[in-house]
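Position one of the sequence shown corresponds to residue 113 (our numbering), numbered consecutively onward.
Mixed in with the good hints, there may be bad ones.
Unchecked claim - Restraint-style ranges between C-beta atoms, simulated for each label pair:
id, residue 1, residue 2, range
1, 183, 283, 14 to 24 Å
2, 328, 183, 28 to 38 Å
3, 199, 308, 16 to 26 Å
4, 233, 307, 42 to 52 Å
5, 195, 340, 38 to 48 Å
6, 305, 332, 40 to 50 Å
7, 194, 339, 18 to 28 Å
8, 217, 289, 19 to 29 Å
9, 249, 190, 21 to 31 Å
To be verified - SDA-like, lysine to any residue: derived pairs with alpha carbons at most 20 Å apart:
id, residue 1, residue 2
10, 249, 237
11, 273, 304
12, 273, 313
13, 323, 287
14, 249, 287
15, 240, 174
16, 233, 186
17, 236, 305
18, 273, 339
19, 267, 229
20, 323, 304
21, 249, 325
22, 193, 233
23, 305, 249
24, 329, 193
25, 273, 284
26, 329, 340
27, 193, 243
28, 243, 304
29, 267, 329
30, 236, 186
31, 310, 246
32, 240, 284
33, 310, 326
34, 240, 304
35, 193, 174
36, 240, 280
These are calculated hints, taken from the structure and not from any lab test. Even for Gly, the Cβ is constructed at its ideal location relative to N, Cα and C.
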Amino acid sequence: QELFQEKKDRSGEARALNVLADIYCDLREVEQAVALAKEMRAKFDMRAEVGAIRTLSNIYLASEMPGESVRAANEAVQLSKRVHDRRQLAENLILSSEANIALAMQDNPKGLAKGSERSLKPAKEAFKVAKSIGAGKLMGMAMHQTAYVLLVTVKPDDALKAAREAVDIFRQVDERAREAGSVILIAEIYHSKNEDEKALDAANEGLMLAKACGDPKKEKDANKLIEQIAGKKFAYYQPYPGDMPAMPQQMEGGGGGGAAAASSVAEAKQVGLDPGMVQATVSEMAKQAIGVDDELFLDSALMDSGMDSLTAV
Numbered sequence: 113q114e115l116f117q118e119k120k121d122r123s124g125e126a127r128a129l130n131v132l133a134d135i136y137c138d139l140r141e142v143e144q145a146v147a148l149a150k151e152m153r154a155k156f157d158m159r160a161e162v163g164a165i166r167t168l169s170n171i172y173l174a175s176e177m178p179g180e181s182v183r184a185a186n187e188a189v190q191l192s193k194r195v196h197d198r199r200q201l202a203e204n205l206i207l208s209s210e211a212n213i214a215l216a217m218q219d220n221p222k223g224l225a226k227g228s229e230r231s232l233k234p235a236k237e238a239f240k241v242a243k244s245i246g247a248g249k250l251m252g253m254a255m256h257q258t259a260y261v262l263l264v265t266v267k268p269d270d271a272l273k274a275a276r277e278a279v280d281i282f283r284q285v286d287e288r289a290r291e292a293g294s295v296i297l298i299a300e301i302y303h304s305k306n307e308d309e310k311a312l313d314a315a316n317e318g319l320m321l322a323k324a325c326g327d328p329k330k331e332k333d334a335n336k337l338i339e340q341i342a343g344k345k346f347a348y349y350q351p352y353p354g355d356m357p358a359m360p361q362q363m364e365g366g367g368g369g370g371a372a373a374a375s376s377v378a379e380a381k382q383v384g385l386d387p388g389m390v391q392a393t394v395s396e397m398a399k400q401a402i403g404v405d406d407e408l409f410l411d412s413a414l415m416d417s418g419m420d421s422l423t424a425v
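Start from the sequences and build out the full structure, keeping to the hints where you can.
Here it is, written out as structure tokens:
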């Protein structure tokens with residue numbers, strides 16, 4: 113921040129303050145985060161002020177103060193309209209939806225029913241605004257938020273349709289981490305419908321996507337959901353060459369018999385994505401990344417295959 117001040121770079125200074133506010137928010141030092149967001153708001157022009165108010169709303173939302181978050185988000189929406197910034201308008205409409213549904217969930221079940229429309233309306237409006245400017249990522253975010261609100265308000269079929277559309281949009285714009293989030297949301301929707309086999313498949317797919325794009329938070333979300341659905345013994349497992357599955361008596365401390373063992377192994381094989389399919393997909397992606405047609409071996413070192421660590425990521 114001081115370096116940008118010395119160079120009189122107001123845009124850079126605003127970005128620095130924004131980052132500092134996010135850091136303090138992550139550290140749960142809410143007063144400091146709020147103070148920085150308010151400093152941003154006071155020092156810069158109206159367009160930058162929109163970002164400052166959005167940051168303030170995000171801080172309140174992360175600090176479980178949804179009422180304050182709603183007020184800030186709605187103010188940011190109005191200010192976005194005044195400066196004719198449709199991208200920021202879409203972002204703030206999504207934030208308004210997030211804050212409203214959090215407030216409704218905090219209140220009570222009766223408040224949830226009333227808050228559903230307050231949450232759905234800005235999410236749907238955000239999608240229209242994002243579509244009008246061709247902002248694919250924002251379109252996907254708005255559709256994901258729509259699906260989440262529909263799930264929370266117990267409209268699973270509509271939620272499933274919206275979540276699938278969000279997945280399709282994120283795939284088109286190559287937003288892998290957000291695609292993973294929407295796939296995990298699909299798993300949650302199936303779980304709410306008691307369709308647990310489909311829920312497990314979707315959760316495992318979301319876990320694979322999260323691993324592929326290096327998103328530990330979404331990995332954690334997927335694993336938690338898998339355990340909720342079927343318990344730890346069903347948790348996703350991808351075998352590697354030479355691995356031997358543990359027998360039931362080894363996992364549980366003895367006993368069980370042959371029939372039980374066969375049943376357990378068969379049950380484990382039915383869960384999650386097919387390892388052969390996953391290995392084939394990853395191999396094909398690796399070939400495209402390094403531009404070769406030769407077969408790649410799973411136990412080969414990265415350098416031997418023509419890849420460095422950056423290419424592998």
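Proposed proximity, residue 237 with residue 249 (alpha carbon, max 20 Å) | 15 Å, holds
Decide if the proposed pair is consistent with the structure: residue 236 and residue 186, CA atoms, cutoff 20 Å inclusive.
-> OK: residue 236 and residue 186 at ~15 Å, within 20 Å.
Per the hint of 18 to 28 Å, is the separation of the Cβ atoms of residue 194 and residue 339 within bounds?
-> Since residue 194 and residue 339 have Cβ atoms about 47 Å apart, the given range 18 to 28 Å is violated.
Pair hint outcome, residue 240 versus residue 174 [Cα-Cα no greater than 20 Å] = Status violated; Cα separation ~26 Å.
Given the hint that residue 240 pairs with residue 280, does the C-alpha gap stay at or below 20 Å?
-> Holds, because 17 Å separates the two Cα atoms, which is no more than 20 Å.
When you check the alpha-carbon spacing of residue 193 and residue 243, does it fall within 20 Å?
-> 16 Å, holds
Is it true that the CA of residue 243 sits at most 20 Å from the CA of residue 304?
-> 30 Å, violated
Does the structure keep residue 236 and residue 305 at a Cα separation of 20 Å or less?
-> 24 Å, violated
Pair hint residue 273 and residue 284, alpha-carbon separation not exceeding 20 Å | Within the cut-off at roughly 17 Å; holds.
Residue 283 and residue 183 - C-beta distance against the hinted 14 to 24 Å | 36 Å, violated
Are the Cα atoms of residue 240 and residue 304 separated by 20 Å or less?
-> The hint is violated at about 28 Å.
Take the C-alpha atoms of residue 267 and residue 329, compute the straight-line distance between them, and say whether it is at most 20 Å.
-> Violated - the C-alpha atoms of residue 329 and residue 267 are around 26 Å apart, more than 20 Å.
Hint check: violations occur at hints 1, 3, 4, 6, 7, 15, 17, 18, 20, 23, 24, 28, 29, 31, 33, 34 and 35; the rest are consistent with the structure.
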